[in-house]
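2 protein chains.
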Amino acid sequence: MHPLIQQGSAWSLTETGTDKEQIKQNETLFALANGHIGTRGSLEEASRTPDYSYSEGTLMNGFYDTEPITYGEWAYGYATHHQTVIPLPNGKRIEISLDGETVDLETGETTNHKRTLDLKKGMLTRSFTWENAVQVEIERFVSYDYPELLAQRIQITPLVSNKELTVKLVLDDLAEMGREAKGETDVDPRIKQLTARRFDSQKLESSMGKMLHITTHNTGLHALVGAMTCAGDEWTLSIEKDASETYALQTKADQTVELERFIGYSPIFHKKEEASQEVETMEILFDVIKGLGYDQVRAKHVYTMEKFWALSDVEIDGDEALQVGLRFNIFHLNQAAGRDGKTNMSAKGLSGEGYEGHYFWDTEMYMLPFFLYTQPETARKLLQYRHSILPQARKRAREMAIKKGALFAWRTINGEEASAYYPAGTAQVHINADIAHAVYAYIQATDDEVFAYNEGLEILVETARFWVNYGHFDERREGAFVLNTVTGPDEYTAIVNNNFYTNLMAKHNLDYALETVMKAIAKECGLDVLAEIGFEKEELEQWAEASEKMFLPYDKKTKLTMQDDSFFHKKVWDFDNTPAKKYPLLLHYHPLTIYRHQVCKQADTVLAQFLFSWEFSTDQKARDYAYYEAVTTHDSSLSRSVFGMMASDIGDLDKAYSYFMDTALMDITDMQANTKDGVHAANMGGTWMSMIYGFAGLRVYDDTVHFTPQLPKQWQRIAFTIQFKDREIGVTITPKDTRYILREGKPLTIYHNGAPRHIVNHKK
Amino acid sequence: MHPLIQQGSAWSLTETGTDKEQIKQNETLFALANGHIGTRGSLEEASRTPDYSYSEGTLMNGFYDTEPITYGEWAYGYATHHQTVIPLPNGKRIEISLDGETVDLETGETTNHKRTLDLKKGMLTRSFTWENAVQVEIERFVSYDYPELLAQRIQITPLVSNKELTVKLVLDDLAEMGREAKGETDVDPRIKQLTARRFDSQKLESSMGKMLHITTHNTGLHALVGAMTCAGDEWTLSIEKDASETYALQTKADQTVELERFIGYSPIFHKKEEASQEVETMEILFDVIKGLGYDQVRAKHVYTMEKFWALSDVEIDGDEALQVGLRFNIFHLNQAAGRDGKTNMSAKGLSGEGYEGHYFWDTEMYMLPFFLYTQPETARKLLQYRHSILPQARKRAREMAIKKGALFAWRTINGEEASAYYPAGTAQVHINADIAHAVYAYIQATDDEVFAYNEGLEILVETARFWVNYGHFDERREGAFVLNTVTGPDEYTAIVNNNFYTNLMAKHNLDYALETVMKAIAKECGLDVLAEIGFEKEELEQWAEASEKMFLPYDKKTKLTMQDDSFFHKKVWDFDNTPAKKYPLLLHYHPLTIYRHQVCKQADTVLAQFLFSWEFSTDQKARDYAYYEAVTTHDSSLSRSVFGMMASDIGDLDKAYSYFMDTALMDITDMQANTKDGVHAANMGGTWMSMIYGFAGLRVYDDTVHFTPQLPKQWQRIAFTIQFKDREIGVTITPKDTRYILREGKPLTIYHNGAPRHIVNHKK
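Those protein sequences? They're chains A and B, same order as listed.
Quick note: the first sequence uses the working numbering, first residue 39, plus one each step.
Quick note: the second sequence uses the working numbering, first residue 39, plus one each step.
Treat the hints as calculated values from the structure; they're not laboratory data.
Treat the hints loosely; a few may be bogus.
Any copy, or any two copies together, can satisfy a pair, since identical chains are not distinguished.
Claimed, not checked - Derived PhoX-like pairs: lysine-lysine, alpha-carbon spacing no greater than 20 Å straight-line:
| id | residue 1 | residue 2 |
| --- | --- | --- |
| 1 | K751 | K158 |
| 2 | K714 | K619 |
| 3 | K159 | K309 |
| 4 | K310 | K241 |
| 5 | K693 | K279 |
| 6 | K693 | K587 |
| 7 | K58 | K714 |
| 8 | K441 | K620 |
| 9 | K310 | K609 |
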């Protein structure tokens, strides 16, 4: 059992003691977020205890600044600006002193130090005794009910009387500089930060304790940050010059005293006036919260979390550690999703600054499925974000000399390309098809015609257009439609021709567009959308022909699917002579060394076959799986879950189980050795997918759900719920059978191991 | 006739008038250099007349500073530092005043402004009349006899009497900032300058007028710069605070007065003490020069230039403009070559700061042939430079995970890779074979066994080793030896497999090494070299096998040589719909757009076939030529000369003539629209090659020279001299016949149109 996981606690992670390294990693694991704000699980006194802290930031989804990208050698069409989320004023710092001596881990003896992340309640609690003089208990949560709100309750039990106890609460008006402030530099390309992270901060008059109007330097984004403390009459308040509040009282032994602290982070505004108008809204909100009091706000939060789990939990009987890991991943996944249609899910969620808070294909291919089948309304919001950045994607396509259609940025916050290395950035044009795939999956899963014939239609048409303009019919391949000079998901192979994944995804993208446009025309829905984007009927033929003739590289001799035209012509990486410390390869070998060999960072062909598993024979999939697994390093956290699911698909349950263990515990065990920079949100989605698509065998095609459940021998039962076309379906798999219960919605015919099964809601 | 070329002047370029744009471009055309220093042809008052100046730098070959390269996204093995030549204190500035009014083009009326670059004498003269008050004549040359020396003679004829004439001479102790100082920024990736160009400058006590010890900030290079003025007694000297010298006198109408100015640039030193010791050496040198006086130093220079031309001139009867263009190119080529074994030839020579003063493959493949056959001792020095950077090349190979052998930097000054864009930098591993090719050609042309079994042997072995470690035997190609993930000469196609040029060159590289090592063993020469680099006999077999099985991509169906494995699978660029202003493509299209299409920046396959033309049938060459010419933009200045020579090779003399016109006049006509940043030195070499390899049809194989002369119908005669194995051979081609005269050296059997011809030196 991992030290964070305690026997009998299937709903929590518990840290005991004060191991410096573990506390730093736990800043990520214990991060709390609600899709709008996220705050790392740093110690309240982190700024005073650098040895016990890494980056204590509080982030707001989509609140970023830019900086020009400097290239050693520039070329036309390169991304122009870094976009980087910036830590906000940090309201959770607390400084407790007893007779002038400050409570922190570095100066006094701390005993019984314990922190618990309660996944069920969405609550982080900490308790410890300091110098045998005070017992401290701090509880923290980020509210889903009030997306602006981070709440803290501080309970202190003095063990001695007649001392002066003070609690200082600070809302910094400067951004913290995290690791950089400590002079730590890092060349890991997966972390990139602005060289100067700055915003202007203006103190506002407000009925709240302190309120700041912050404005980013280059992007001109505005937000308000405010803090309010609720204290009983026993406390005496003094306000210092820097506007920090200090509460003081004389201790009485064994008598617990309490402070409640609320920090508010407004939505993001593009105009200063909008932010100014928000002051009143924030004040009203905080009045409401003051009126309710900490206990009621907390109770509401716990209730919301319970509702969430009722629809989102995936139960495993048979392995408590995996159960915790799975819940932990679902918990963080839920915390990561922007729900305002203007923001998305960054690769690290809101748990850390890795990857600069950028949105990647990770959202659509790894994280969205969870929301599709448990919170379709959130899935819609995430896709609406993509729709909102279509203008930037169209502009980008023009920059790439694509005359019609759109090309989504490989990594972005504001919709513009922010990838400074195009071979593993812009060249990954598959992101277009990934987004189209997600749009189609959403339509399939929800029958949401409003979305389908508005945002959905526009995305599908604009992405389909891209493919016919990017590729061409290759006469030397009997007129097959080819897509040259692309990079597939596997970033250890770049700038290749006819990446199988890309071509297969593009083919489906074309089909999705074709189908949706034809339906739109038939139903006379979305015709205004088509007119606005200048759709012409001849395009249908272009798409149909490109799809039909799409080249899918296959080696007849070995009967293997080829990752791309040239993959098999490369030398297989010398794995035997590559020591463990040389992984991940990207940190130890030049791209040309890596690209020259058969070596994969992650699932590529295998991912394509997972997504359309019904299009391939099991023999084919098994053959390809064996081949590609042998050359895959899993240096990307996006890899193992796919190999796990495909292991289920080809019937290798032991392997599927082993991969599942890795994915479920990836961050808890720090498998990728960089959890400190943030959770691996895509892998978290992949963990959920491993349960639902992997062990339960969910596939969605022919307008309904298909299951082929396989329960690992180590488990006695798995159970979960999915939403599908306004229905709620409970699934319980045991070694004996699988039960499908329609809890909400109209009857439906689903498929179990290929056989139809009609399910009806008996409640009604 | 181009305005710079005057009828009847086959040895000069003349600028008349004061056209701002032309004067800026002419800074490059009128640059004077000697391989050690180079000074741009700027006006003496350039610093006061920014509208008439672009970059007035004086450069020293190999005097550079570094700056860390910033990458938007870093990866392992990336080049770490920019290396950039830095302009030195500029001693050629002159400020003439008459009664306090300063003579410059912007403040007064200038008439009869004329500048002449005398190619024969290696001399730049300028004359003009200002405000009808003074006539000025300034002459400038950079000495080959004293590589440290830049000399100026200022002659002023006042047209009015009793005015105060002053001449102020400045040796700036700050580097000029060129275009950047003027706030001009440029995103052209072909120009890259340090963001801050700095060196420290220390004034030294010296018997010379002024002497500075300059030290670069990061590279710690040292050099001395000194200036000395010789003036008659009629002048009164005053020295100002900034150590500038002002000479003054009262004018007498029509009486010419004169000043002589000498500026000295020491060699480069790596240690401060060495530079300090050089002070005395410089003083002695300048004492000698003072003793000789300007006229004698000038006479010596003119004599040296005459000797140079006696061996290097290529005469054309029939087109004066082309004759001037050709001589101009030879003139600049000669000016560019470092001759100390520690420096090389930068892509712009010493005529401008384009490409940062870096050395590329341009040296070996385009510029070295001229020296090989006219100044073999200079060719040797250039190759010794490559030998001197073998340690850096070995280190680079290790960084690229190549266990044995060396990989030369794509662009460099100090031997370390300075290319910040590896797809068109480090990926051009063909540079290894290019250098080996030049080494072998040098050995062939000179029979220099000392070099062959020392530096030559080491380079050949270390480059051959690279190939067997970089490539592998591809089972899917019947065991053919393949070289994947490379970029060939054509930079519009990057990161491909089996670039024909690279593979063919590598094959020959392996053969060269094999042959030379076997000879060394047989002659028992260079065995110490082999021992020192750990040579093992099994390597010979490896090289032989890789060479024998080298994969050379060929399309049987169309009978075309394939530029690489996938070139023909790409879509042909839409040339018809690409307006002229969109060239060069690299400034208007993203690399992925360019790489995705069949479009070449320059000769690639055609270059390979030129280099080994005897290995291919004329049919094959003609077929490939037609195909590749149609998809080549010549956006690289390295392209046209090759197409020209191959046009000769396949018998299309009209085309050869047309390309020759372009290459001969490329910089004079500013064909590439960036001559202001420096001459296109490789094209200048290519122009010479076009005469010798093109029209005269020189090929060197089977240990002798082969000619297949073809005289364009526009010409009556061409004549030139080559050095070959200690012989001097004069070649004269007329419509009637070709005469080969052995002027120096032992008899030799050469081949004329495939037939042997024995030539004997009748002088002796």
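| Intra- versus inter-subunit Cα pairing at 20 Å for K441 with K620 | between (43 Å within a copy, 16 Å between copies)
| Is it within, between, both, or neither for K310 and K241, if the alpha carbons may be no more than 20 Å apart? | within (14 Å within a copy, 56 Å between copies)
| said: Regarding K310 and K609, is the shortest C-alpha distance of 20 Å or less found within a copy, between copies, in both, or in neither? | reply: neither (58 Å within a copy, 50 Å between copies)
| task | Check K159 against K309 for me: Cα-Cα at most 20 Å, and say if that holds within a copy, between copies, both or neither. | result | neither (36 Å within a copy, 69 Å between copies)
| Given a CA cutoff of 20 Å, do K751 and K158 count as a within-copy pair, a between-copy pair, both, or neither? | Classified as neither: same-chain Cα gap 27 Å, cross-chain 92 Å, threshold 20 Å.
| Same-copy or cross-copy closeness of K58 to K714 [CA-CA at most 20 Å] | Close inside one copy (12 Å), not across copies (60 Å); limit 20 Å.
| task | At 20 Å max between alpha carbons, let me know whether K693 reaches K279 within a copy, between copies, both or neither. | result | Neither: 61 Å inside a chain and 83 Å across chains, both beyond 20 Å.
| field | Same-copy or cross-copy closeness of K714 to K619 [CA-CA at most 20 Å] | value | within (19 Å within a copy, 50 Å between copies)
| field | Within, between, both or neither: K693, K587 at alpha-carbon 20 Å | value | neither (36 Å within a copy, 41 Å between copies)
The structure is inconsistent with the numbered hints 1, 3, 5, 6, 9, although it conforms to all the rest.
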